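Undergrad: Listed below are the residues making up each chain.
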Amino acid sequence: MRERSEVRNQAILSQGGARPLLRVEDLKLYFRTSAGVVQAVDGISFVLGRNQALAVLGESGCGKTSLARAVLRLLPRNVHTYSGRVELDGVDIMPWSEERFRREVRWTRISLVAQAAMNSLNPVLRVGDQIAEPLIIHQGMDKRNAWARAREVAQIVGIPTDFLQRYAFELSGGMRQRAVIAMALVTNPDLIILDEPTSALDVLTQANIMNALKGIKREFQKSFFLITHDIATSSELADHVAIMYAGQLVEWGTAEEFYPNPLHPYSQKLMASVPRLREERTLDFIAGRPPSLINPPPGCRFAARCPSRFAQCDHEPPLIEMPGGRLVKCWLYK
Amino acid sequence: MAEQILLSVQDLHTHFELRRGAFGRAGFVRAVDGVSFSVRHGEAIAVVGESGCGKSTLARTILGLYRPTKGAVFFEGRSLDGDLRWYRPQVGYIQQDPYGALPPFMNVHRILEEPLLINRVGSKAEREQQIREVLEEVKLTPVEDFLHKFPHQLSGGQQQRLVIARAMILRPKFIVADEPVSMLDASVRVEILELLRGLQRSYNLSVIYITHDLSTVRYFAERIFVMYAGKLIEKAPVHELLKNPLHPYTQALLAAIPDPDPQNAVTFKKIPPGEPPSLVNPPSGCRFHPRCPAVIAGLCDKEVPPEFEPSAGHSVECWLYR
Amino acid sequence: MNAIRSGVRQLRQYPSALVGLGIIVALIALAVLAVVILPYSEAIRLWRGGEDIWQESPRYAQPAWLNLFAVKKLPETIVVSTKGAFVKASPTETAVHRVNAAKTRADKTVSISLAFDYRYDDFPTELTLLLEAKYAELLPYVALRWRTPDGREISLGERKLKANERYNISQDTRLERRLGQPPEVGLFAAAGRQSPLHGRYELRLEGALFEENSDVDAKLIVYGKVYGLAGTDHKRRDLMVALLWGAPVALAFGFIVAVGTSLTTLIIAAIGAWYGRWIDGLIQRITEVNIILPTLPILIIVGTFYSRSIWVMMVVITLLSIFTAGIKVYRAIFLQIKESPYIEAARAYGASNLRIIIRYMAPRIIPILVPGFVTLIPGLVFLEASLGFLGLGDPVLPTWGKVLNDASNNGALYKGYYYWVLSPSVLLMFTALGFSLLGFALDRIFNPRLREL
Numbered sequence: 001m002r003e004r005s006e007v008r009n010q011a012i013l014s015q016g017g018a019r020p021l022l023r024v025e026d027l028k029l030y031f032r033t034s035a036g037v038v039q040a041v042d043g044i045s046f047v048l049g050r051n052q053a054l055a056v057l058g059e060s061g062c063g064k065t066s067l068a069r070a071v072l073r074l075l076p077r078n079v080h081t082y083s084g085r086v087e088l089d090g091v092d093i094m095p096w097s098e099e100r101f102r103r104e105v106r107w108t109r110i111s112l113v114a115q116a117a118m119n120s121l122n123p124v125l126r127v128g129d130q131i132a133e134p135l136i137i138h139q140g141m142d143k144r145n146a147w148a149r150a151r152e153v154a155q156i157v158g159i160p161t162d163f164l165q166r167y168a169f170e171l172s173g174g175m176r177q178r179a180v181i182a183m184a185l186v187t188n189p190d191l192i193i194l195d196e197p198t199s200a201l202d203v204l205t206q207a208n209i210m211n212a213l214k215g216i217k218r219e220f221q222k223s224f225f226l227i228t229h230d231i232a233t234s235s236e237l238a239d240h241v242a243i244m245y246a247g248q249l250v251e252w253g254t255a256e257e258f259y260p261n262p263l264h265p266y267s268q269k270l271m272a273s274v275p276r277l278r279e280e281r282t283l284d285f286i287a288g289r290p291p292s293l294i295n296p297p298p299g300c301r302f303a304a305r306c307p308s309r310f311a312q313c314d315h316e317p318p319l320i321e322m323p324g325g326r327l328v329k330c331w332l333y334k
Numbered sequence: 001m002a003e004q005i006l007l008s009v010q011d012l013h014t015h016f017e018l019r020r021g022a023f024g025r026a027g028f029v030r031a032v033d034g035v036s037f038s039v040r041h042g043e044a045i046a047v048v049g050e051s052g053c054g055k056s057t058l059a060r061t062i063l064g065l066y067r068p069t070k071g072a073v074f075f076e077g078r079s080l081d082g083d084l085r086w087y088r089p090q091v092g093y094i095q096q097d098p099y100g101a102l103p104p105f106m107n108v109h110r111i112l113e114e115p116l117l118i119n120r121v122g123s124k125a126e127r128e129q130q131i132r133e134v135l136e137e138v139k140l141t142p143v144e145d146f147l148h149k150f151p152h153q154l155s156g157g158q159q160q161r162l163v164i165a166r167a168m169i170l171r172p173k174f175i176v177a178d179e180p181v182s183m184l185d186a187s188v189r190v191e192i193l194e195l196l197r198g199l200q201r202s203y204n205l206s207v208i209y210i211t212h213d214l215s216t217v218r219y220f221a222e223r224i225f226v227m228y229a230g231k232l233i234e235k236a237p238v239h240e241l242l243k244n245p246l247h248p249y250t251q252a253l254l255a256a257i258p259d260p261d262p263q264n265a266v267t268f269k270k271i272p273p274g275e276p277p278s279l280v281n282p283p284s285g286c287r288f289h290p291r292c293p294a295v296i297a298g299l300c301d302k303e304v305p306p307e308f309e310p311s312a313g314h315s316v317e318c319w320l321y322r
Numbered sequence: 001m002n003a004i005r006s007g008v009r010q011l012r013q014y015p016s017a018l019v020g021l022g023i024i025v026a027l028i029a030l031a032v033l034a035v036v037i038l039p040y041s042e043a044i045r046l047w048r049g050g051e052d053i054w055q056e057s058p059r060y061a062q063p064a065w066l067n068l069f070a071v072k073k074l075p076e077t078i079v080v081s082t083k084g085a086f087v088k089a090s091p092t093e094t095a096v097h098r099v100n101a102a103k104t105r106a107d108k109t110v111s112i113s114l115a116f117d118y119r120y121d122d123f124p125t126e127l128t129l130l131l132e133a134k135y136a137e138l139l140p141y142v143a144l145r146w147r148t149p150d151g152r153e154i155s156l157g158e159r160k161l162k163a164n165e166r167y168n169i170s171q172d173t174r175l176e177r178r179l180g181q182p183p184e185v186g187l188f189a190a191a192g193r194q195s196p197l198h199g200r201y202e203l204r205l206e207g208a209l210f211e212e213n214s215d216v217d218a219k220l221i222v223y224g225k226v227y228g229l230a231g232t233d234h235k236r237r238d239l240m241v242a243l244l245w246g247a248p249v250a251l252a253f254g255f256i257v258a259v260g261t262s263l264t265t266l267i268i269a270a271i272g273a274w275y276g277r278w279i280d281g282l283i284q285r286i287t288e289v290n291i292i293l294p295t296l297p298i299l300i301i302v303g304t305f306y307s308r309s310i311w312v313m314m315v316v317i318t319l320l321s322i323f324t325a326g327i328k329v330y331r332a333i334f335l336q337i338k339e340s341p342y343i344e345a346a347r348a349y350g351a352s353n354l355r356i357i358i359r360y361m362a363p364r365i366i367p368i369l370v371p372g373f374v375t376l377i378p379g380l381v382f383l384e385a386s387l388g389f390l391g392l393g394d395p396v397l398p399t400w401g402k403v404l405n406d407a408s409n410n411g412a413l414y415k416g417y418y419y420w421v422l423s424p425s426v427l428l429m430f431t432a433l434g435f436s437l438l439g440f441a442l443d444r445i446f447n448p449r450l451r452e453l
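Chains as they are written, first to last, in our numbering: chain A, 1 to 334; chain B, 1 to 322; chain C, 1 to 453.
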């Protein structure tokens, strides 16, 4: 068992070049609940290079938010297992103490735009104070300098400077989301984790935010780890795409290869369910429900819903490396 | 033609009073501000707009949940005012959040029986029969497995099917669906839209489908109305609108919606700046003029554009087409 | 409904709740027991009865079971009677002997011996002899003699008997002077001894009857210092009557008022939240006024000037408790529920206002209502007891509060009658404990947010 997981990890870990920014190996995060142990993140490995964006796609409940939390070590109290290797710039940061992690990683190197964070901005702080806060808390900067930096970042994300004096409730949803992105950007981290950054926003606002993120990536060479269920929007930012299903990675590839031609039956079904504005095509959907993460079935976890299922699917497939470096966890490609 | 019309909305205004203190009045939210259209038998219409444009208020006014400030709604020629008990069984309502739309303390059977009991439909046996029929129609089968479940025991997709079943159980002629799939996973959305489409076709239902997501519209509706700041600024058949959007706002909306395409990552979209206007103090003239790339100074900011019809069946409220 | 069922299942995870539930079940059992073994009319008769009903029980007696733990055994009450030899205290042997001899038809003698074994280490509290004479015109004449185990004989005098004669031996001042100590001591101990002699005591009655049908009956009551399970009060009443009947009264009071208050509060809050405008405003203003009204003084006024009936008090307390903070809490929740999509859906399919309030809004409050209702009960039980304690208890019913009131009026604690205060207090505390433990656990079950991870 151990041996095989080595094998399947090697395939993906060889992708990132000599010294990737983030290298995650066999990351596991299990939660203890009254119903049993939830295997939310079950042995995930991936590599994220500098100035790259990785989109993690999957249905709700597939473990994508848990993956983000596991990388940033923002864990709830009911953790059962938290293991694996997380390398930042070639250094394994998993053994680091919470104190060191908080000081040297969280918000300093990696920051987070949490899901629906725009609705949980502090209502009694001015937006500018809120953006400056990570600098004061994580880097001990004084208030004047922090505000100067906040003004700088506000400009980058497209918040008019006079909005910094306002309170969150006086801002529109789009402006609040920009403020949350500014908070993530203000400490100048290498990597920003975006958890559903546009899902509650209107189409035009969404496009505006994606434009801003693209600009940030291009101009400041940031890396992004984009978690979303919105496949169409993910294509606005992603260099690489990872598909998650039931706590596991089932496909990994570059955006150029993935969007026109997904390999895994799950990815194919998922793509077929995306309505297209510019082309006429019939839509498909995936019948059934993802398996419970408490006692996931042995073998391929998608087998129960898979149209191309065959006998071998009762055994867990490895991540198979395809020509061009794509990876797919499916026996069809053996 | 006239007898084909099921619902007609004439110069509809729904305003909400903003109160300040006990007696003061801060103004009105003009959520729906001069909307006219009609819906034919068996026709599916999509109303597309951003949040806060008034589309949900429009839906609720049509449902008779809000009383119009001005103008009127006619259902089969009868005006919606006074006692609406006659109207209730004629119209079904599908909401956005399926879990919130179901009383958590009632089981499936009870949820479906409520509309029948309230509208005094049938005997106990007949009601039982209808509940089973409608569950089969929305494919919550085997029916026995579902009758005694509570909403929290159902998946999001199943909950939405139940909401649809409840909307259908009184055998309405008309359905108002307010963002019926926006809270569901992408893989389930299509399933629900196809179910709705199937029911609409087999019962020749008229449907108003309220959404912010233009990309799902082509799979569902025959005509699209684009709503901006309380007004319907463009009305056209679906394919016509997608191919040939006239209003600058519609054009921006279409441009903003991505299809999954790796090219997206290397191009920037041209999006009009700013935010939708306040509905308390909307801009003078055309409400889109402060953001419009094609604004005609002295006209768009002064005069409210009337409805032009550059081609048959395709109307637009924009001075560019005068 | 399923929330309730799963709530019960979850209850098992809370030992405190099970303890609480156990206490409540025990209290309910006590209440049922009270009603079964001591029907209402009987309980009232006993509780309101005077000396005639309670003449055979002592004043201020401690519970009898205390003897189990005491080195010095305290006396129980001994009754020796010619009318059917019955024995109040089981371990005591008594003997009744009577000889009626006729000299002539109209001139007879009677000789009655009332004997009992006394094996206690303390003196009795009182001695009373009840004499009953049958005669037409000529009163019987008797001479009384007391014989102690060591063979001393003490004359208790001679007397002519009327139909019902009560001779309070322990209050016979002449006898006391003769004995040099109170009769209940002197008759049981040799001079100078601190404890009573054990052994057989005998009261001999020698009498002359002057009529053919004349006869004499005698009953000797040696009042002890312990009585029954709960002891007695200043009126010789068995406290068990009040302790037993206090349970159904307290529980019924708490339960009825809690149900009445909770449901009415719920409905009124829902009406206010649903209709809004002036109805809501009116309810809010009434609540605000009511919150600052002091409950207890109002109840004292009602009790003093109108009626102390438990029903009147119940109605007044319910009315005063409806418009309280609960209404504000429920209203806040209802205002949220009112905006739920499912309420809007119900309006769209034509549900009436009343139906929405009762069928769609009220059930959502149950998770908050049930724990609140359970924790409301102890407060009400205390309130009822307080009323009783303040002398505003129901004039008829025996209740825990009234026992405390009597105890307080008779200075029970100063005089060392701790059992009199302790037993109703313990019952009250257990009631509060039971309902509180259950209520807090229910709160955690129904409102998972309060639960720790």
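These are computed hints drawn from the structure, not numbers from a lab.
Being a predicted model, the structure only gives us computed values, none of them experimental.
Don't take each hint at face value.
Now the in silico label distances, taken between C-beta atoms and shown as ranges [claimed, not checked]: (1) I291/C x R19/B: 20 to 28 Å; (2) S155/B x P260/A: 29 to 37 Å; (3) R9/C x S97/A: 38 to 46 Å; (4) R67/B x R355/C: 19 to 27 Å; (5) E194/B x D142/A: 58 to 66 Å; (6) K139/B x V25/C: 45 to 53 Å; (7) Q153/B x R355/C: 43 to 51 Å; (8) A72/B x P297/C: 55 to 63 Å; (9) A294/B x P160/A: 20 to 28 Å; (10) L117/B x S309/C: 52 to 60 Å; (11) K139/B x R277/C: 41 to 49 Å; (12) Q263/B x P160/A: 28 to 36 Å; (13) I291/C x V143/B: 49 to 57 Å; (14) I291/C x N119/B: 40 to 48 Å.
The beta carbon of each residue, even a glycine, is placed where N, CA and C say it ideally should be.
Undergrad: If a hint holds in the structure, say so; if it does not, say that too.
TA: How the hints compare with the structure:
1. Checked against the hint of 20 to 28 Å, the C-beta distance between I291/C and R19/B comes to roughly 26 Å, which is consistent with it.
2. A beta carbon spacing of about 31 Å between S155/B and P260/A agrees with the range 29 to 37 Å that was offered as a hint.
3. Between R9/C and S97/A the beta carbons are some 42 Å apart, a value that agrees with the proposed interval 38 to 46 Å.
4. Between R67/B and R355/C, the C-beta spacing of about 21 Å keeps the proposed range 19 to 27 Å intact.
5. At about 59 Å, the CB distance of E194/B to D142/A agrees with the hint of 58 to 66 Å.
6. Between K139/B and V25/C the CB atoms are about 48 Å apart, so this pair conforms to the stated range of 45 to 53 Å.
7. In this structure the hint that Q153/B and R355/C lie 43 to 51 Å apart at CB is violated, the actual value being about 25 Å.
8. In this structure the hint that A72/B and P297/C lie 55 to 63 Å apart at CB holds, the actual value being about 59 Å.
9. At about 24 Å, the beta-carbon gap between A294/B and P160/A stays in the expected band of 20 to 28 Å.
10. L117/B and S309/C have their C-beta atoms about 43 Å apart, which leaves the hinted 52 to 60 Å range violated.
11. Our hint of 41 to 49 Å for K139/B and R277/C holds, since their Cβ atoms are close to 44 Å apart.
12. Remark: the range hint 28 to 36 Å for Q263/B to P160/A is upheld by a beta-carbon distance near 31 Å.
13. About 51 Å separates the C-beta atoms of I291/C and V143/B, a value consistent with the hinted range of 49 to 57 Å.
14. Distance hint check for I291/C and N119/B: the Cβ-Cβ separation is about 42 Å, which falls inside the suggested range of 40 to 48 Å.
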